[in-house]
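*Asks:* Letter by letter, the chains look like this.
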Amino acid sequence: GQQVMQIPQYQHVQEGEDFTTYCNSSTTLSNIQWYKQRPGGHPVFLIQLVKSGEVKKQKRLTFQFGEAKKNSSLHITATQTTDVGTYFCAGQGGANNLFFGTGTRLTVIP
Amino acid sequence: NAGVTQTPKFQVLKTGQSMTLQCAQDMNHEYMSWYRQDPGMGLRLIHYSVGAGITDQGEVPNGYNVSRSTTEDFPLRLLSAAPSQTSVYFCASSRQGKAFFGQGTRLTVV
Chain A
5 GQQVMQIPQY
15 QHVQEGEDFT
25 TYCNSSTTLS
35 NIQWYKQRPG
45 GHPVFLIQLV
55 KSGEVKKQKR
65 LTFQFGEAKK
75 NSSLHITATQ
85 TTDVGTYFCA
95 GQGGANNLFF
105 GTGTRLTVIP
Chain B
8 NAGVTQTPKF
18 QVLKTGQSMT
28 LQCAQDMNHE
38 YMSWYRQDPG
48 MGLRLIHYSV
58 GAGITDQGEV
68 PNGYNVSRST
78 TEDFPLRLLS
88 AAPSQTSVYF
98 CASSRQGKAF
108 FGQGTRLTVV
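Protein chains in written order, with this note's numbering: chain A, 5 to 114; chain B, 8 to 117.
No wet-lab data here; the hints were simulated from the structure.
Note that the coordinates shown come from a computational prediction; the quantities given were computed from them, not determined experimentally.
A hint or two may mislead.
Stated by the list, open to error - Here are the simulated EDC-like cross-link-like pairs (lysine to aspartate or glutamate), alpha carbons at most 20 angstroms apart as the crow flies: (1) B/K16 x B/E66; (2) B/K105 x B/E79; (3) A/K74 x A/D22; (4) A/K40 x B/D45; (5) B/K105 x A/D22; (6) A/K60 x A/E19.
Stated by the list, open to error - Covered stretches of chain A, going by a simulated chain B footprint (3 or more residues, C-beta under 8 angstroms): (7) 46-57; (8) 100-110.
As the list claims (entries may be wrong) - Taking CB as the label site, the calculated pair distances span: (9) A/I51 x B/K21: 38 to 48 angstroms; (10) A/T31 x B/T14: 35 to 45 angstroms; (11) A/H79 x B/S76: 39 to 49 angstroms; (12) B/V117 x A/G44: 20 to 30 angstroms; (13) A/S34 x B/T14: 26 to 36 angstroms; (14) A/T24 x B/Q29: 14 to 24 angstroms.
Glycine is no exception: its CB is placed at the ideal position from the N, C-alpha and C atoms.
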């Protein structure tokens, strides 16, 4: 079956430091999505990447999709306390099903 | 616009009891899905539906049933609750692959 691995599982950073989470799939993905889940909340869609090598930016967040469409990364520049939460990548499989990575829980220390 | 509404938010069941988790969406999305979220394991797909009258199994379907009689509703039934089903359950509806999640149901089976 489709597997999406995500590292690291946890990351603690000082406010103002950068943060990166990585996502790797065992199979080629048609697209990859990123979601953010605040503590006690539900996952919220951030972005979808479709093209090989695609790079998208949302303010301090930079998303990349690998050339082989099997890996992706999310980089946050100069973290803020509002960035706290768990970040999930999700690959899309057959029937439009999403297969989620295990998530990276980000803690930002003020 | 309510989006995806899940009820109840919290539930405690005794082993062997049955119950239904309700999910309704008002966005006229064809695709709906149920996930369970356990620590360190991300979100795992239980069942999904690509439209009214059509359902199919995801990664972890055992012990759960679903039905989709209308576009709006996608209830999840636990037939005979077991402690291993203690988890947080999320319902989602999707359009063009982008998933919108409900607030979640935290279920404890004792």
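*Asks:* If any of the earlier hints don't hold here, list their numbers in rising order.
*Replies:* Checked against the structure, the hints that fail are numbers 1, 3, 5, 6, 14, while the rest are satisfied.
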